[in-house]
Amino acid sequence: MLDMLLPLGQLAAGLVSSQPGPLPSALPEPPKVPDSPWFWMPRSASNFADPIDGTFSFLVWVSLISTLGIALAMAYFCWRYRATSRDANEAAESQVDHSNVLEITWSVIPLFIVIGVFVVGFKQYVDLRTAPRAAYEVHATGQRWKWGFEYPEGLTHPELHVPVNRNVRIMIQSVDVLHSLSIPEFRVKMDAVPGRYTELWFRATEEGTFPIYCAEYCGTAHSDMLSQVVVHTPEGFAAWVAEEIRKIEMMPLPELGQLTFNQSGCATCHSLDGSAKVGPSFQGLFGRQEKIINLGAVNVDENYLRESILEPQAKIVEGFPPSMPTFKGQLSDRRISGLIEYIKTIK
Amino acid sequence: MAQSTAEPLADHAASSGVHGHDGVHGENPFLAHHFDTPRHQFESGKLGIWLFLVTEVLFFGGLFCAYAIYRSLHPEIFVWAHYYLDTFWGAVNTGVLIVSSLTAAWAVRNAQLGEQKKLVVNIIITIALAFCFLCVKYVEYSHKFHENVLPGRHFNPTHEAWELESYKKAHGEAALPVTPEMHPAPAPAAPAADGVAKQPPPGAPPRPRHVSVFFSIYFFMTGLHGIHVVAGIITWLWILRRALRGEFGPKHFGAVDYAALYWHLVDLIWIYLFPLLYLIH
Amino acid sequence: MTSPSATADDIVAPAERASDNYLTHEKGILSWLTTLDHKRIGVMYLMCVMSAFLLGGVFALLVRTELLTPGRTIVDHDTYNQLFTLHGAVMVFLVIIPGIPAALGNFILPLQLGAKDVAFPRLNLASWYLWVIGALCMVLSLVINAADTGWTFYTPYSTTTTTSVIPALTGAFILGFSSIFTGMNFITTIHKLRPPGMTWFRMPLFLWALYSTAVIQVLATPVLAITLLMLIVERVVGIGIFDPALGGDPVLFQHFFWFYSHPAVYIMIVPAFGVMGDIIPTFSRKRIFGYKFIALSSVAIAILGFLVWGHHMFTSGQSVVSATIFSAISFLIAIPTAIKVFNWLATMYKGKIHLDTPMLYCLFFLWVFTIGGLTGVFLGVMSVDVHLHDTYFVVAHFHYVMMGGSITAFLAGMHYWWPKMFGRMYDEKWGRISCGLLFVGLNLTFFPQFVLGTRGMPRRYYNYLEEFQGLHQLSTVGAYLMGLAFLTTAAYLLGSLRKRADAPANPWGANTLEWQTPSPPAYYNFHNPPVVTEGPYEYADWVYNKRTGGYERKAADGR
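If you read the sequences in order, they're chains V, A and U. Take the first sequence: its position 206, counting from 1, is numbered 206 in my numbering, and each next residue is one higher. Each number in my numbering comes from the position in the second sequence (counting from 1) with 347 added on. Each number in my numbering comes from the position in the third sequence (counting from 1) with 628 added on.
It is possible that some hints are incorrect.
As the list claims (entries may be wrong) - Partial list, computed: chain V residues near chain U (C-beta under 8 Å):
1. Pro110
2. Arg129
3. Arg187
Derived by calculation from the structure, the hints in this document are not laboratory data. Don't be surprised by glycine CBs; every beta carbon is placed ideally from N, CA and C.
Excised from the complex, chain V in its bound form (with noise of 0.2 Å):
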């Protein structure tokens, strides 16, 4: 009952105060809606575009032809058969109330509709939902209120990039509470879920922009929660690529070693302003002395620091248990000089 105790008003409060509006988004500008030949729906850019848009037209011709019938046979009935007073006291022209020719018909013809588009849309629903073996696999994960794409070559970027043509299985997660992965220009959605993992998948047939949602409502910045998924050419993705590792491998040591930071998991175990975790924070941490199970204190030095993300076990800070990885393989030496750099500005 905590929250009952918050300060009350903050409706009231909300619609006279003049704060500014956006929070700060992941992305510097909104994404542009790409213009589509379709009144309906958007550009049609993926392999599911097409077959699903098939049966949303089947389902609007269907719609459009029993909507007008029923408003015209109402129109007619009410012109033809329309009452001149209460006065006049005009019985109906008949009182016929059943036909079972009538209801049977009325109740067939639907449910051959409706069982036409389900078998339909199953199959796309099933097409949709299985990724084919060989595709290009990206990691997306949704978080109050940004994405972040992790690709194969061990890139992190805020948006998806893909090349043209090829299957793109994406895994999605969220850190904290629901979201929604919304392509629509793809004709994919689907939730983020804390605590397992969702998937899709498609095949992008159009290079282009084209803007991503986030569709499950995530709290105060869930409008602003947009990125945008660029398809390349084959040549221009692996260029892309190229270049953004090439930008990370660029970077002056201590940015590289924060982004690290943010990338390998550090946070999980080893906080910033000096609280314990499951490590020892990394505050003042180079140049302190640190007791060591059997060894006693040692300086914290880069030597110690590397020999702590390489070899974890080599060397225990008393109080804290031995259950840091290795991560020896997985960091290049760059990014451990970076990291060690960047552990030296946290004072």
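Given the coordinates of chain V, work out where chains A and U should sit on it, guided by the hints.
Relative to the frame of chain V, chains A and U by itself:
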């Protein structure tokens, strides 16, 4: 029950006819104006109480669903956690509730036959047994609170399962090895919410992840059931008051019958809860 | 529908007709607050539901105003999230669910059945008080720091947000019990208090619909109650049943929630079907077409409605097999729904149609409900739903059904029974104008949202991409028009209360029992229990009397 109740009412069913709209039947102060006969009123009430019991079953049904889902997903949690429950006290409470159900049913019979004294005695026994149930529950709860065997994020037991008497009794003092498929290997580090797990002695199963789920379900189900017992006591006290005023008799015993039906349901739910929570193997 | 001998004079003693009715029988606010009379309880529900509708409507207009421009228009992110949450929660739990059953149903059900009251009048009053307490809890949440979870309360957001979710959950929990008790009362009343001759298949379709609704209320609402209770305990104690960090499963909450909330959709729309079933034949002067099909299709919908909850979760990661089963059963519901629409249409065929306000609302309903129903088929198709799920298409769909269906039917019923409830005729001209205005406003508000949705605009968005602005603005203009229509409706309806009682006993020439009591009805409804000898939709015996402005039964036996 339904057959025996219909009989006494039928004798008086003829006493009505077209009645006025003054809101009270002259011949029977307990007959509401919109019913024709006492029997009509009784049957409507009976349907109403049955509908209410249906909603109660569905109310608990959600919890039984949750139980079934988590038990099928994580059977090891349930095996590990049930050692914390005291089967003896659970069995005592089962007996207490069954006997109280009996006295409740007896009270209905007393009301139908107009046996005022026996009616009052049976109601009092029912209430006393209900209090008895709550006292046992209190003993069990306070023990768990003391040992920090609490639901969800508060779960941080002072003893691991292999340190408990119930575990030693089941496995012998030496804590016999347990078949591995019964206890799938848990992750090495216990999650923060469960506190830091101690290393188990050789042969004993380590604490599975998320044991607290069991206690969440245990406290939720038994707690909700306990609230129903309290509601039952209040109902019976009200019935007792009316019985002492001599309001019940062959013509008018609906309220006793409805209270007893509710009480049987509370009893029945416990009869399901006891094996599902205490008797896990 | 009664025997020819049972006229209004016979059912109610003449002395009572002039002055004594349920409104004047007792005086003072206390006599209302302690009343056991189903009619007064119905009127109190009506007032409360309308107040809640005003509140929910104001939230809706604020939401639409905010969406006039991308970025900030009048409120900030968090306030917007609170506004749409409250709009949804108030409209669903406080307005639409109790709207037709508890307000109109309470008043009409015993009268139409020929009973003196519902089976359990005290329980009925208790339901109303529970509604009030539940509503106060919702308001409490609003005053402290309104919940921002959306009316669906999805975990783990609802267990972690700092807003006051608990009062809102408590409110919904209590409202659930209000709904359960009403349902129990209606089922028992229909089973046990039918007068002689009122067989199941002589019951008006409104009663069939209320019966089906009551069954859903009794069977589905307890599951919501336990779910909300778990969520409350989860927030207070942290039991972790829905929290992945403690081994719980957030998707389990969605299953529990929709197990109630999909049937709840039918709690909202099935009573609307009942209103249609009573009004269309009366204003067509013709027996309802396919009575048994309409009656039983309500029951079919009530039963099937329990088996389709998973169609809200096609993108939640549930297995393909369960999604398929849920989709297949969802389509089955389309059939009884289609049967109803076609039967209503066939009822008008060769009738004599009077286009008074209640009938206009029925035609309105047929149009918007057809659109709402058909777009439901789009969402039932699994592959199409993946694209449309959680977009404005869904928002437009359920507003066409809830707003266009339930609220329109509620208005139809309110206009139809207004003379019976209060003994006054409303201004017919303004009735038609408001109905037309609402029709334009509703379609203008929600049709553009279909296009927004298919183009990918997700729901519950404070901010949106500039490309969507035009459609959003159309929608907002429509919402203002609807607001205006509701204001004029409130004005002429409330205005009618100020004039002298003028309504005849049977202004529309209907043949159901409530019209055979005076307007407003006597305190105890019927002096003698009516004896029913014919179906509810026989109009041949009713003749319009210009002097009284109402219909009177033809004097077959010389009286």
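Going down the list of hints, with the structure as the test:
With a cut of 8 Å, the hint placing proline 110 of chain V at the interface with chain U holds, because the nearest CB-to-CB distance is about 5 Å. With 8 Å as the threshold, the beta carbon of arginine 129 of chain V comes within range of chain U, its nearest partner Cβ sitting at about 5 Å, so the hint holds. At its closest, the beta carbon of arginine 187 of chain V sits 4 Å from a beta carbon of chain U; the interface hint therefore holds under the 8 Å criterion.
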